[in-house]
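Number of protein chains: 2
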Amino acid sequence: MLLLPFKKIKIRPIGFVERASSDEDVKDKSLVSRIVLKKDLTKALDSIEEFSHVFVIFWLHNILNTGKTVLKVHPRGLAELPLVGIFATRAPVHPNPIGLTLVELVKREGNVLWVKGLDAVNGTPVLDIKPFNGWDVVMSTRVPKWSTKIDK
Amino acid sequence: MLLLPFKKIKIRPIGFVERASSDEDVKDKSLVSRIVLKKDLTKALDSIEEFSHVFVIFWLHNILNTGKTVLKVHPRGLAELPLVGIFATRAPVHPNPIGLTLVELVKREGNVLWVKGLDAVNGTPVLDIKPFNGWDVVMSTRVPKWSTKIDK
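As they're listed, the protein sequences go chains F and U.
Read in the numbering used here, the first sequence has 137 at position 137, and its numbers run on one by one without any break.
Read in the numbering used here, the second sequence has 86 at position 86, and its numbers run on one by one without any break.
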């Protein structure tokens with residue numbers, strides 16, 4: 001297989017995370033934070049408020065790039081747990097430090113989303129937002145009719 | 001908020017999608033395809049086989065960059081459905097064409113994952129792989145003990 005065509009991929013943030021305080025415990029899933037999108041993307045959020053949950057894909061910009069790829073870790077840094085591959089964990093130090101978190105969409109106002117449970121620090125660049133729908137194991141989520149996947 | 005520090009983010013693929021045939025219908029969720037990781041990342045997959053499902057984050061390299069941002073679409077191109085914001089859909093033409101798909105992990109051999117249900121074409125660059133665990137609405141998935149989230 002030809003690996004040459006894709007040496008690097010360039011991505012621009014669509015917006016940034018704003019928290020009430022930089023001191024907040026971002027692991028506290030009960031906290032609400034804001035995703036402030038670039039103003040010119042405001043219309044791209046229309047109807048998102050019909051979803052109860054969305055996936056937020058973000059860039060962990062504060063992960064120190066040591067130039068060395070971490071391959072194995074103890075889950076959550078707990079030495080009593082087995083050493084496992086980094087892709088078997090949700091640790092932030094993946095080769096590409098991309099964050100993926102399913103959050104509750106509290107409200108939307110213009111270019112701003114209020115979300116509950118986003119474990120991203122103040123100023124985190126957001127790369128993409130996707131609604132949680134029938135494509136991702138469904139439970140007690142709310143999904144608008146027009147978004148329901150039509151099975152063959 | 002200062003938007004200046006993050007003009008562009010550079011990402012390197014961790015591997016590529018290989019399909020049995022380039023003619024396959026990638027929307028057919030019953031098909032198995034392979035994710036071939038870079039050899040030097042092989043150890044980073046250790047223990048991933050203990051998960052029944054993983055999220056695959058990939059780059060939709062074949063989306064034509066017209067230089068114009070699509071803000072609204074009819075879901076799945078169906079004109080009878082309302083025009084909604086692109087972030088309220090899983091359409092591939094998001095400002096950053098990032099794919100996110102939850103797939104069944106069929107097997108792992110060295111640096112290769114066999115996955116069922118990946119809607120990515122042959123040669124698609126893969127950016128990250130994350131196990132589906134207690135962080136993402138749990139249903140009838142299999143999750144190893146050491147990965148279970150410890151609630152406060």
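The hints are simulated quantities; they were obtained by calculation from the structure and are not laboratory data.
Keep in mind that a hint or two might mislead.
Any copy, or any two copies together, can satisfy a pair, since identical chains are not distinguished.
27 Å max Cα-Cα, derived DSS-like pairs, lysine-lysine [stated by the list, open to error]:
id : residue 1 : residue 2
1  : Lys10     : Lys38
2  : Lys107    : Lys43
3  : Lys39     : Lys68
4  : Lys10     : Lys29
5  : Lys39     : Lys10
6  : Lys68     : Lys8
7  : Lys68     : Lys116
8  : Lys72     : Lys43
9  : Lys68     : Lys29
10 : Lys107    : Lys72
11 : Lys10     : Lys107
12 : Lys10     : Lys68
Verification of the hints:
Taking the closest pair of Cα atoms, Lys10 and Lys38 come within 27 Å of each other both inside a single copy (18 Å) and across two copies (20 Å). With identical chains, the CA atoms of Lys107 and Lys43 are at most 27 Å apart within one copy only, with a shortest distance of 15 Å there and 41 Å across copies. For a Cα distance limit of 27 Å, the shortest separation of Lys39 from Lys68 across copies, 15 Å, qualifies, whereas the shortest one inside one copy, 37 Å, does not. In this assembly of identical chains, the alpha carbons of Lys10 and Lys29 never lie at most 27 Å apart, being 31 Å within a copy and 29 Å across copies at closest.
For the homomeric pair Lys39 and Lys10, the shortest alpha-carbon distances inside one copy (21 Å) and between copies (23 Å) are both at most 27 Å. For the identical chains of this complex, Lys68 and Lys8 are neighbours both inside a copy (17 Å) and across copies (21 Å), given an alpha-carbon limit of 27 Å. In the homo-oligomer, the alpha carbons of Lys68 and Lys116 never lie at most 27 Å apart, since the shortest distance is 33 Å inside one protomer and 31 Å across protomers. For a Cα distance limit of 27 Å, the shortest separation of Lys72 from Lys43 across copies, 7 Å, qualifies, whereas the shortest one inside one copy, 42 Å, does not.
For the homomeric pair Lys68 and Lys29, neither the shortest alpha-carbon distance inside one copy (31 Å) nor that between copies (36 Å) is at most 27 Å. In the homo-oligomer, the alpha carbons of Lys107 and Lys72 lie at most 27 Å apart only across protomers (19 Å), although the nearest pairing inside one protomer, at 38 Å, exceeds that limit. For the identical chains of this complex, Lys10 and Lys107 are neighbours neither inside a copy (30 Å) nor across copies (31 Å), given an alpha-carbon limit of 27 Å. Taking the closest pair of Cα atoms, Lys10 and Lys68 come within 27 Å of each other both inside a single copy (21 Å) and across two copies (16 Å).
When each numbered hint is compared with the structure, violations occur for hints 4, 7, 9, 11.
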